[in-house]
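Chemist: Use the sequences and the hints to build the structure in full.
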Amino acid sequence: MPYALRRTAQAGLVVIATFVVAFLLLQALPGDAIVARYASPELGLTDAQLDELRTVYGTDRPVWEQLWASATGFLTGDLGTSLQSGAAVETLLAAALPSTLTLAALGFLAAVALAVAIAAVATFGRAEWLRRAFRSLPPLFVSIPVFWLGIVLLQVLSFQLGLIPVINASPAQALVLPVLTIAVPIAAPLAQVLIRAIDDTVAEPFIAVARARGAGTRWLLGREVARNAALPTLTIAGVLFGELVAGAVVTETVFARTGVGRLTQEAVANRDIPVLQAVVVISAIGFVLINLAVDLAAPAIDPRLRRAVHA
Amino acid sequence: MTEPLLTIDDLAVSYRARRERRTALEGLSLELGRGEVLALVGESGSGKSTTAQSIVGLLPEGGRIDRGSIALRLAGGPIDLARLEGRALEDIRGRRVALVPQDPGTSLNPVQTIGASVAAPLRIHRWGRPEAIRRRVVELLDRVGLDDPERRARQHPHELSGGMRQRALIAAAIALEPELIIADEPTSALDVTVQRRILDLLDDLRGELGSSVLLITHDLAVAAERADAIAVLRGGRLEEAGPTRAVLEQPASRYTATLLADAPALADESPRAPRPPAEPFVVVERLAHEYGRGADAHRAVDDVGFGIERGTTHALVGESGSGKTTIGRAVAGFHAPSAGGIRIGDRDVVAARRDRSLRRVVQLVSQNPFASLDPRRTVAQSIGEPLQNLGAPDGRRLDRRELASRVSAAIAHVALPPDAGDRLPRELSGGQRQRVAIARALIIEPAVVVLDEAVSALDVTVQAQILALLERLQGELGLTYLFITHDLAVVRRIADTVTVLRQGRAVETGTAEQVLLRPRHGYTRALLDAVPSPDWLRTSSAAGIDPTPLEVA
Amino acid sequence: MSAVIGALPSPRVGRARPRPRATLVLAIGILAIALAWAFVPGLFTAHDPLAGVAAEALQPPSPAHPFGTDATGRDLLARVVFGAGNSLAGAALAVLVGLIAGTAIGVLAGSSGGFVEEALMRVVDVLLAIPGLLLALSVIVLLGFGVTNAAIAVGITSIAVFARLARSQVVRVRRTDYVEAAFGSGGTFLAVLRRHVLPNSLGAVVALAALQFGSAILQISTLGFLGYGAPPPIPEWGLLIAESRDYVATAWWLTTLPGLVVAAVVLAANRIAAAIRESSA
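Residue numbers (the working numbering), protein chains in the order written: chain A, 1 to 311; chain B, 312 to 864; chain C, 865 to 1145.
Keep in mind the hints are simulated off the structure, nothing from the lab. Any given hint could be a false lead.
Covered stretches of chain C (chain B as the covering partner; in silico rule of three or more C-beta atoms under 8 angstroms from a C-beta of chain B) [said to hold, decoys possible]:
1. 1031-1042
2. 1054-1068
Facing chain B, from chain C, some residues (calculated, C-beta under 10 angstroms) [to be verified]:
3. 1045
4. 1047
5. 1048
6. 1050
7. 1051
All figures in this text were calculated on a predicted structure; none of them were measured in a lab. All C-beta atoms, glycine included, are put in the ideal place defined by N, C-alpha and C.
Modeler: Now the structure itself:
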């Protein structure tokens, strides 16, 4: 079987397995989601009303039937109904997605810029103290609680320096702090991998050979190092995606922004399982697709992988 | 008399190691004439690579030139390379001084085409327009003997063999017709027959371009064959220097004499005399091995057979891909061959492969003693392991005291210092580690030992010591050796019988005397011719004075 | 950029030269203090972490209250000191869950190979596919809120990382010449596993455990911040910061100081992890 096909099939399997695991974990195992959500005395629902709710949500049917219904629903774009608001999950997600995508995309770009800058100074900085200082930034960044960083940025930039208005901010102004907050936890691992990849490449004998041919720093960076360091960096794309999802949950909570992250946080607080399941499965699909894309694109960057691909 | 191209005067280089500075070169002075080849010879740690790195200004981080000068005399006047920096240095590199690196496997950028790598010096030094550079690259690849240069230019390094990669690297080095070519162990990673062709190519190009060559090598035979002058380095100091023939025929230093005596290719020895034929103890019959399945299957060994008499040494000789290691591992019972039989005495090795008692009969010593010793276990633990696993040679379980005494006896047997038992592998030298590997193989008193390139990674003086140790142990214990090597010169020293392998097939089998002195097959002759040795040395003896016995490595 | 980007430094002789010991000593000191807070908090503060003095509400740092006081007049340092127990115990539990389950899966997969390895690693793929925070949230929904449940949830998210590392280490060591040589000297599978494979594989796993300790502190505090960990008024580092969000504009110390403590402890754990990795490599 060709590599691309085999790899795609494997990705499909992981998605299916994740769907089943998420379903069993969230819907089948906790017993009766309806009881958990609606049986509290203060709601005062009768048993007959609870039964009716079970029929509405389909939880009175056997597990495999529910799984099948849930799976076919996912394939047709029907992600179920929110226990909390009663709205269709796909509607809730569609409403929340644009804001989160904007935040994530800008945060990712900012992170890449930050990581490349840190890695460049950490590896090619003029003075040793400068390189050392920048090398210690990624470990520092991964040690900072993201939610705390958001609050401190708000405190310093908005309240003390007054650079960004807290109330009546324009949409662009309202994005600055969340984007900065989400960029830091993504820039840290990215910079770390970049620095290590550049270090490894620079230690390769072919770099010494290129220098012996008279290559200067710009030639070495642009033509010898960049492409060799790109591959190890790409392999953490999936990890970064996970950081982005976590970052969205935390950042949207800190800055009280609407979005998928906020939706997730509320779903957990209210045990709104259909919403949480949809977010989990969609995130897993995103993770798997990103890794699939990286694996399929890798041979374009490293010709040594092409032979394995054709074999 | 014309001035030399390169004059190194009182060069001292040191490295920062932990908190102190360690000297790598101490007051080195050398001269290299125009159009000449100067060989810089020395064992590992002698400072020969440091010399090359100092000339091109590529000392590793922490390295520093403490004093001295490196004068390169170009048309515009002399330049001191020891003081050159930045742009001025970059301008010299690749254009006036070029490097042919040691390991063609890692010296080409893996994600660039061969064409791009060869074009790099031309583009860096703005040699011409892109179209002209493209034509020049093809011309260069053609000149260094690559077939179909247009296609080679579009290929990537992993699609080429080691010899072809080294040719591409030479093409890049000569692209700008430099005055000085530094060849840093240019052939030590290559097969012997390829090594000869690459050295021939370098010779031709030097004649054509009139460049001078600084040839850095650990192999005195290569130096003897190729260089006009030789400089011998030891521990960062110049041991002696002079015209090749003078140095080799009348070495002024005892160290040089030892090197000469230990270099198997230069030794004036005849092969071991044949013994009267006897019943073979180890029998390999119609052995075949395939890797992979179906269309991907690759036949690594094809219908190979030989016998080894008890107490003798049989050498399996071949280049990379000849299948010699596959055969050795099958004889040692590490994997089952696809077809064929292996017997040791009356034991069927193939059938008993998973039987642990087979380990009492045959042991393997592999090429890299550093990799084959667990880095976290002491020498004594490693050597005692077979006894722990299998008990004493007679099968008895050993208590702690007896185990310890047998381990110290084994340590003494291979001439390791008595306190070596408490050390870790990283605290030992390469030669000492190989002694540990040998002690471990022998402690269980096997009848047969498979030695897979067991001395190939060692410096010549250490190599000679280990070979002497193996010969002594064979005499004392009546061991039977299967000796796997690519080096015919070593075969001459140790083997009774020889099988020459090529691409999985045995091209010739016979006594060492017959195979080495009267080869029947053309490939054997090619291998023998590839052993470097200057013509004048084949008739005269090199041993002018007695070699110094060196301390045990 | 060109002002700071200079010439290419030469490649290092030995890789990653040892970093200064001073930072390691500092890291060990910080972690020791945090552990002391967790075990004997009473030694470090005379104040009650739960009961406040209303008259002393929202005081900035002073000699009497080095970290200041919160809205109900509780001493912030006392709350941070007493919170160490919850946060560190939770992190330790999380690491233990991930270390034991993940290493077991990884060593089993790496040493058995074949179908067992395939099956185990696909399970690991599923665990990896769900972003860590979402997996932790799913487990919390399943188990309910609370410090212990949050710790278990964080531990479960690290199983995949431990399993992958343990497996790759075992596979790497199994391919080494010295393991082959050990079989060649008559070793049985279990003897070789015990003598060579495990000691040479687990150094990296221990380093990862130290790294995960720091990251577990962060993740547990994140869950606490989101409100799924310890219920108020129990002092927990994430919750401390969450509770003070309303006073961002007026009382900077309430968020800043606990956050700095968390960052310092996590940084210390990471530094120690790096030291373990260097010494075991």
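Chemist: For each hint given before, does the structure comply? Return the numbers of the non-compliant ones in rising order.
Modeler: Per hint list: zero violations.
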